[in-house]
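Using the sequences and the accompanying hints, generate a full structural model.
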Amino acid sequence: MTSYLFYPGCSMETSAKAYYESLIAVKKTLGLDLVEIDDWNCCGATEYLGINLIPAYALISRNLALATQQANGSRTVVAPCSACYLNLAKADHYMLERPELGEKVNLALQAGNLFYKPGSLEIRHLLDILINDVGLEEIKSKVKKPLRGIKVAPYLGCMVPRPDYKKRWSDHEHPDELDRLLSALGAEAIDFPLKTHCCGGHMPQISPSTAFELIRRLLHGADLYEADLLVTVCPMCQMNLDAFQAETNRYFHTNYKIPIIFFTQLMGLAFGEDPKELGFGRELVSTEFALSRIGLEIPEPDGSKVQPKRAKKTGLPMPTMPADEEAHK
Amino acid sequence: MTNFTTSNGNKERIGVYVCHCGSNIAGTVNVEEVAAWVRTELEGLGVLISRDYKFMCSSLGQELIQNDIKELGLTRIVVGACSPHLHEQTFRTACRRAELNPYLCELVSIREQISWVHTDKDQATEKSKAVIAGGVYRVVHHQPLEPLHVPIHPATLVVGGGIAGIQAALELADAGYPVYIVEREPSIGGHMAQFDKTFPTLDCAACILTPKMVSVGSHPNITLLTWSEVRQVEGYVGNFTVTIQKKARYVNDEFCTGCAICQEKCPKKVIDEIYEAGLGYRKAIYTPFPQAVPKYPVIDRQNCIYFQKGTCKACEKFCPTNAIDFTQEDELVTVNVGNIILATGYDLFDARRVSQYGYGRLANVFTSLEFERLSNAAGPTNGDIVLRDGVTVPKTVGIVHCVGSRDRNFNNYCSVICCMQGLKFAHIVHERTGATVYNFYIDMRTAYKAYDEFYQRVLEEGTLFVRGKVAEITDAARLPGEEGKLIIQVEDTLAGKQRRIPVDMVILSSGLEPRSDAKDLAKLFGISCSADGWLIEKHPKLDPVATMTEGIFIAGSVQGPKDIPTSVAQGAAAAARVLGRIQQGEIAIEPILASVDAEKCSGCRICNGLCPYNAIVFHDDRNVTEINPALCQGCGTCIAACPAGAISGTGFSDTQILAQIDGLLLLNAE
Amino acid sequence: MSINGKPKFAMYWAASCGGCEIAVLNTHEKILDIDTNFEVVFWPIAMDAKYNDVKAMEDKSILLTLFNGGIRNTENEEVANLLRRKSQILVAFGSCASEGCIPGLANLSSLSDIFNASYQSASTVNPDNVAPKTSVSVPEGEIHIPAMFPALRPLDQVVSVDYYMPGCPPESHQISRVIDLVIKVISKEADLPPIGSVIGAGESTVCDECPRHRDVKTIKQFVRVQDIDKINADLCLLEQGIPCNGPASRSGCGALCPKSGAQCIGCYGPAEGVLDFGARMITALASVIESNEPSEIERILEGIPDPVGQFYRFNLANSLLRTGTAAWRNNASLKE
Amino acid sequence: MSDAFEPIIIGFTCNWCSYRAADLAGTARVKYPANIRLIRLMCSGRIDPTFVLKAFASGADGVLITGCHPGECHYIEQNYKALRRYLLLKRSLTQLGIEAGRVKLVWASAAEGVRLADEITKMVEQVKTLGPLNWPKWEGFFDDEIHSLVEIPEEVSA
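Residue numbers (this note's numbering), protein chains in the order written: chain A, 1 to 329; chain B, 1001 to 1670; chain C, 2001 to 2336; chain D, 3001 to 3158.
Think of the hints as simulated: they come from the structure by calculation, not from any bench. Glycine included, C-beta positions come from ideal geometry on N, C-alpha and C.
Covered stretches of chain B, going by a simulated chain C footprint (3 or more residues, C-beta under 8 Å):
#, stretch
1, 1593 to 1604
2, 1640 to 1653
Here are a few chain C residues that face chain B, going by a calculated C-beta distance under 8 Å:
#, residue
3, S2204
4, K2217
5, A2271
6, E2272
7, V2274
8, T2283
9, S2287
Given below as structure tokens:
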């Protein structure tokens, strides 16, 4: 039972309730002790750092200061939301790299007699903990209902793999962590080339047309590879792709219907939890049809859509990738 | 207090010469004042004559020294001039001509290390006095020495059977001297054997390479050790003893006729990662390519069914001359050679490291070596240029230059050959498929003979050149017409806009990298390699094929990225240097050696582990250490380490250095 | 020659601990040979002769003088000059006279530090803060005591020395051999070795006489003898990580310490022709450290917390530097 | 001569790289202070701590030890021994009161003339701040100064 300092972030209570509920369900099964940092505050999401640097970093590192005070033997702060994870990681990284910034922030924190020594905490995303600490073998052993039959587009978004200060992810453009998790759950992860492309972030408020184009590309990519649903690790990505899917369809006269859910919801399903407790139904684009496919044989594609040339077994051999080379050894 | 009377009781008779070097020295150092100061201040040491002269290295300058030696019976000479690396030999020869042992002469640098690097005239003059005083204090303790004459063994070892190694071996063998070639792969030929055409002449690589390979294979003076690796090198210039591991081929080369029936009958097919660059297959028993030299196949133990499961033996059954011999063992062969030429070539940059180009993930992204095999008539597709599915002929092809080169994330240097290679591919694709060809480059480097003309020709053939570094290659279609294609995202710096160019096939013109085991190779042969792994030449401009270690030469892309003509030229150059050595018959080595005084040595063995050349030997019976003068390279580490002060060294003895320190600090003694 | 025809013998002790005197006594019956062959004219510890008696002698009248102890104050220097004038053969007897030995370690401190430590520190009850003065007037008259030099010097830095006998103290079997030699010289059966040479010691270093087995050295750590629970009886101590000065210390003592499981600390001084003992040990130990990584080498070197104590315990005063900067940079006390 | 303190630095170079770097600095006319005086040895492994102690004892204010970069030694690995000796020697010197800044080890390849010149300039500046070491010339150090303070009383010298 390893325990972590848990930073939930605001969206877990509002727009990403499904993420929170499914995380609670999954947490029990995997034996993760997530001790919430008491009196944590908003992390400034993607906007505040762009508006006013020192107050933004002070706001963020207040959470880190609280976490160090409350250290329950663990030095790791877990953030499920990509934006919170990146902001916490940025605060820790730049306070260390630019001592004068660190001093100013700590000066601000003194008002609440708090202090944060940069580098004293490890800041990691939930997916990183599941893959590297819990481990795929452990997750696979907990799967009761393998999700055979559905094709899932794994979508990581841009904040988790980049800038990746501590070099935790396998690649900065095409990381395979989420793919491996999905196949551990029995689902088929499509080879989704846009897995780390931008979802628009806060663009829907500033310039909707730009946001719609970015969202259309992701939906088109998922639809092209016949994904039944798209799985994400970040409340902001989920909201953009789900909430603005209808408007994007109106804007481009398309009719994509791709459910956008959190990877923890799928994990809950695979662990045999009741969909109600996993936040299913909260999404705007219904997952009802997609979920019904779990367990069915995959029908032969009717070929209506243009199939991308997949490498058939015949023809010239593909070069082996480093991951497979390890498997060979 | 070091007293200055030397072994023969009276003072030495010293001549000091301060050179003007035109104005190079005299411009910043008051040479007359220095000469005068030496005459008065250092007279007590035995300085009889102290001159300053315009050009000491000129014949007149040398005659000055010779005459003084004869007339004044000088026993020591100190010259304040340029650098020992330049004219030490000149002044030593002058001394020898005047029957004074050349090692009793000391050249003190007052140009490179004073006049050229200091501006204040007074300081420069003061420092010149001090540095010459250091030289005089030192030279008093010099001992007459004779250079060691070491016979040169006429045989030569060439490591690496690529085009550079082949050229060197042929030059030496044709000159009548024995050559050993050691090649790691089953056949010589190196990377060039994999190519289809060569730029700029579009010669077929095999057509111009195989004749040289055949003459190597049949040359009476060349012993070919393929499927072998050097395990140990001992000795020094003129007398290297090299231990080579000949891996078992499991084919008896007396009986094998090279008919290749065994390769047909062998049931086990494996991807050929080396020769076919992972694009083609070979059998468990194989020769890399039909024109292999030597023609005898080898059995790859990891994949041979007999060696893995103990069954099959198809090759043995069908071999007409039963040349197959599963009982063969690896063999250690020792050869004695006088010189060694390293020509072990390069590794291709691993394009998988550039994840945004998608090699290894996107099927139709190929590397340059893969395309060489694709376009080669003896290749997996018999020369048909097709996509990864082995069927479809591409309509549009994108060729990306500078993959992994001129890139801070990977290799800073330019790999010299990727531009011309990219142009060659463009021509071949155009000629064979009529496809539209895009070349993405940042600078078109076509520097050598007939290279730029080739570039003009490829331009006129209608190749579309986009000047810009490719940002990403993706199969995520975004605009209509992009489905099912590879989209090349690039900023066209000439058109000044971002472009998304859909193509069917991408060829990555990857750069060259040092061999992954370059550092071990350098350690094995006792030479040094740069941080990233290219072997270091004696002088980048004036001595590119020699190394700092006497008797070891380098040729080809082991020294740095280069094209075939330069590799061939370097192969021949290295051979010429070796021939020069062999002709001399012997070589004079600087007599800088260490030796142990058996009386003083207590057998503490502190020094025993300090010599990388194994020159330090411990005699258990006499409890005393001894240094083998033949192996000692004169680094002096053991001299400095000996706790009992029992090891002394010629040329750089303790007394000489300590005296030099006194001399250097003389001026500040008052 | 003395009245009874026997050559004169003298022994004096300057800045030393007296151990050399006891070592002479330690030659057991050999002491009698001295008595039979020599007339002891001046030996402060053994007999009651005064400086004036020595001053009254003719120059060069003493055949053999064994002078132990370094020159620390003006009296030592005075007597050294006196005995040089009066003696034919002046032997720097023992490590103090030859290279400064333990008293020489005081060269690391300045006079003011030494006086503070002796007179003002907790080790002395000195309520009215008396400071040493070279002369003081008392009712009876003016009293003088010798002045301290800023640093201790071995004998040969003050007067010319004929022979050196290393060792702290010199081993008794070596003293006996020297005495026999001098006796033979008197009876013309042998002649003196060249002036300035070292007598009563070997040509090589302690390892030559050490019975322990030695192999190629690869040192991973330095430890103290007491940190090793079981010392290998016949393996070289250095190879067990114990910083032994044997390799650089002159032979002659018969490797007494290494034989009994303790590292050699170098009391027989440097080998023949060596300028700086410490430098030889620094390069010997450092060269065989098995690491090329600076931080790891530093960690291994932590095993030698006191380099000067380890490398210059006996010969700081005779090393190239001879002192620490503290010794002469602020020797204010001499000025007042 | 300006009265500002001009330190004397003794520099030990290795024949294969740092000496050639000094030559290269010359041919490239790269300027650096004249306070340093170089000694050429075959390898940094030849540097005996005795040389460094001798330099300080004979009047040097600083000593700069240079050699090939680790892994690039002409004799393969002898510069590592120079590194080991330097680290132990430095500890001994600091204990003898010689400031750490007076002795330094710098790696310079044959191509790094400019870098060597910078290192020399940095070393000279650093020793300037430390001021003169002026280790005593022991000959005569004890003669006059002491005697003048103490007159030898009659009865001792009679």
